Amino acid sequence: MPNTRRWDDDPFTRRARRENYPARSVYKLQEIQKRAAVLRKGDRVLDLGCAPGSWLLFAAEVTGPAGRVVGVDLTPVTVALPAHVTVITGDVLVLAENPAGLPGGPFDAVLSDMAPATTGSRGVDAARSYHLCEAALDLARQVLKPGGAFVCKIFQGEDFRGFVDAVKAEFAEHRIFKPQSSRKASSEIYLIGKGKK
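Just so you know, the sequence shown maps onto residues 1 to 197 in the numbering used here.
In case anyone wonders, no lab produced these hints; they're calculated from the structure. Do not take every clue at face value.
Each pair of labels, with its calculated beta carbon distance range [stated by the list, open to error]:
1. A117 <-> A172: 15 to 25 angstroms
2. Q33 <-> P103: 22 to 32 angstroms
3. N20 <-> Q180: 27 to 37 angstroms
4. A66 <-> S121: 42 to 52 angstroms
5. P65 <-> A169: 32 to 42 angstroms
6. G64 <-> N20: 29 to 39 angstroms
Simulated crosslink set (EDC-like; lysine to aspartate or glutamate; CA at most 16 angstroms straight-line) [claimed, not checked]:
7. K34 <-> D10
8. K168 <-> D125
9. K178 <-> E31
10. K197 <-> D165
11. K168 <-> D138
12. K196 <-> E170
13. K145 <-> D165
14. K196 <-> D165
15. K194 <-> E158
16. K197 <-> E158
17. K196 <-> D159
18. K196 <-> D125
19. K197 <-> D138
20. K194 <-> D159
21. K197 <-> D159
22. K41 <-> D9
23. K194 <-> D165
24. K145 <-> D159
Values in this document were obtained by computation on a predicted structure and should not be read as measured data. Ideal Cβ positions, reconstructed from N, Cα and C, are used throughout, including at glycine.
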């Protein structure tokens with residue numbers, strides 16, 4: 001069982017509290033933005049697995065009020081959000097099968113920080129992560145504008161290379177990136193696709 005006290009005392013967690021973000025994950029997206037510039041002012045952004053809301057807040061800051069940010073998560077988001085942010089409490093797996101009712105599209109960027117409920121078994125957790133990533137990429141294929149960007153967290157496992165190849169097939173350029181703000185022991189890594197074909 002993880003030592004949650006150690007995680008609560010983590011410098012990124014303390015910084016997130018000071019800067020009024022609900023979670024330390026915001027710094028992962030900030031690093032991705034600094035490295036790959038996946039978000040621009042005025043963009044329409046879809047954030048999958050958006051709770052507790054840190055990525056929503058950061059995306060809203062970057063896109064500004066001329067942009068639109070739509071978040072989807074099974075867990076309700078309880079933080080105060082700007083007027084140009086909409087949250088849907090729902091299942092991304094269901095949405096990927098029928099995105100017609102999704103407001104705000106087509107999108108300039110699709111972000112996924114989704115993670116499965118973990119079991120402690122790296123193989124099982126990686127397979128579950130891959131399933132979520134497939135759904136995120138499938139949704140991105142349907143709702144991203146040509147030239148759009150895709151960011152997806154995946155746990156490294158036997159399906160990792162296949163997912164990299166799937167992203168490469170959809171985007172003009174791709175990157176594999178492990179933010180410094182990711183926990184050292186975590187097998188999470190981010191795939192970044194830019195220039196949707």
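Checklist entry - Regarding the pair K34 and D10, is the alpha-carbon distance no greater than 16 angstroms? => result violated, 22 angstroms
Item to check | Beta-carbon spacing of A66 to S121 - inside the hinted bounds 42 to 52 angstroms or not | outcome: Roughly 45 angstroms apart at Cβ, these two residues keep to the hinted range, so it holds.
Checklist entry - Has the given pair, K194 with D165, been kept, meaning a C-alpha gap of at most 16 angstroms? => result holds, 14 angstroms
Checklist entry - Holds or violated: are the alpha carbons of K145 and D165 at most 16 angstroms from each other? => result violated, 20 angstroms
Checklist entry - Do the Cβ positions of G64 and N20 conform to the proposed distance bound of 29 to 39 angstroms? => result violated, 18 angstroms
Next on the checklist: 32 to 42 angstroms was suggested as the range; check whether the CB atoms of P65 and A169 agree with it.
Outcome noted: The hint (32 to 42 angstroms, Cβ to Cβ) holds, given that P65 and A169 are roughly 35 angstroms apart.
Checklist entry - Can the restraint linking K196 and D159 be considered satisfied, given a maximum Cα separation of 16 angstroms? => result Roughly 22 angstroms separates the two Cα atoms, so the pair is violated.
Item to check | Holds or violated: K197 to D159, with C-alpha atoms at most 16 angstroms apart | outcome: The given pair, whose Cα atoms are some 23 angstroms apart, is violated under the 16 angstroms limit.
Next on the checklist: For a C-alpha distance cap of 16 angstroms, please report whether K145 and D159 respect it.
Outcome noted: violated, 27 angstroms
Checklist entry - Taking 16 angstroms as the top limit, are the C-alpha atoms of K197 and D165 close enough? => result This hinted pair holds, its Cα atoms lying about 14 angstroms apart.
Checklist entry - Are Q33 and P103 spaced within 22 to 32 angstroms by their CB atoms? => result holds, 24 angstroms
Item to check | K194 paired with D159 [C-alpha distance capped at 16 angstroms] | outcome: Measuring from Cα to Cα gives roughly 21 angstroms; hence the hint is violated.
Of the numbered hints listed earlier, those contradicted by the structure are 1, 3, 6, 7, 8, 13, 15, 16, 17, 18, 20, 21, 22 and 24.
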